[in-house]
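Per the UniProt record's numbering, the sequence shown runs over residues 1 to 240.
These are calculated hints, taken from the structure and not from any lab test.
Careful, some of the hints might be misleading.
[Claimed, not checked] The calculated lysine-lysine pairs, modelled on DSS-like cross-linking and capped at a C-alpha distance of 25 Å, are: (1) K15 to K121; (2) K40 to K87; (3) K50 to K152; (4) K40 to K85; (5) K87 to K15; (6) K89 to K152; (7) K40 to K50; (8) K15 to K85.
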Amino acid sequence: MSSFTTIVQRENYLKPTIAIIITEIIGLISFILIFCWGYKFSGGFGWRDKPGQEFRLHPVFMSFGLLFCQGTSIMIYRSLRFLSKIKLKWLHIIIHSIALLCTVFGFIAAYDSHVLATPPKPNFMSLHSWIGLGTMGSYLIQFIFSFLCYMKPGFPMNIRQYIMPFHRSFGLGIFILTYSAIMMGLSERAAWYMTCWTVWGYFCSEMLIMNIFGVTTSLYVLLVLVIITNQEWIRKEHNT
1 MSSFTTIVQR ENYLKPTIAI IITEIIGLIS FILIFCWGYK FSGGFGWRDK PGQEFRLHPV
61 FMSFGLLFCQ GTSIMIYRSL RFLSKIKLKW LHIIIHSIAL LCTVFGFIAA YDSHVLATPP
121 KPNFMSLHSW IGLGTMGSYL IQFIFSFLCY MKPGFPMNIR QYIMPFHRSF GLGIFILTYS
181 AIMMGLSERA AWYMTCWTVW GYFCSEMLIM NIFGVTTSLY VLLVLVIITN QEWIRKEHNT
């Protein structure tokens, strides 16, 4: 391999690496913002004995799991070029497992906060909840199906190769649905509970945090999609 080719490859690796680092930093900022919102306002976090505070764990778990962890796992094959693909595959499934676990806790937090409230509130009425349920169901199906196809020893390679494009497209679709559900939930929360602007007509600190969270979340999702859809940054087989 010529030195020129080596330099070109290093530059091709450097660009996605820098892009991924920037994207991860933005994703962490987004998560820190939603965590600070949950911790600072209306009494902070709680569990089943405090349904109102338990609800605040819902956006925290969902943002970390379905957004940040899912985005990180999607980008894993564009980074860590020094690792073999089998190691990246295990990292991919481990991060997705963490995302799935967070999703379960996030769902419980939202469900409990409704049924344990006084008086109880109905569940699954809003568009946010419908899109969210569809996203969680799709994510679970994708997780189980992908685990059986790509982690089970002896699964036919030709079938793996055939379904890979569908696996990738469906995964990106779930990621976009996750973003849509988060934005819907954010808008609902702002409209129903943040009365500083709807009733009193001023811009409060809680609104500021949530708006910045929405902006950083949007930027994070956009950068993940740019990184994944850039064909020049796809890892080549000879680098495994």
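Checked hints:
1. For the hint linking K15 to K121, the alpha-carbon distance of about 49 Å lies beyond 25 Å, and the restraint is violated.
2. Distance restraint check for K40 and K87: the Cα-Cα separation of roughly 39 Å exceeds the 25 Å cut-off, and the hinted pair is therefore not satisfied.
3. Restraint check for K50 and K152: the C-alpha separation of about 42 Å exceeds 25 Å, so the hint is violated.
4. With a C-alpha separation of about 42 Å, the suggested pairing of K40 with K85 is violated against the 25 Å cut-off.
5. Between the alpha carbons of K87 and K15 the distance comes to roughly 22 Å, so the proposed pair stays at or under 25 Å and holds.
6. A threshold of 25 Å between alpha carbons decides the hint, and for K89 with K152 the separation of about 12 Å falls inside it, so the pair holds.
7. The suggested pairing of K40 with K50 holds, with an alpha-carbon distance near 16 Å, which does not exceed 25 Å.
8. For the hint pairing K15 with K85, the CA-to-CA distance comes to about 20 Å; that is within 25 Å, so the pair holds.
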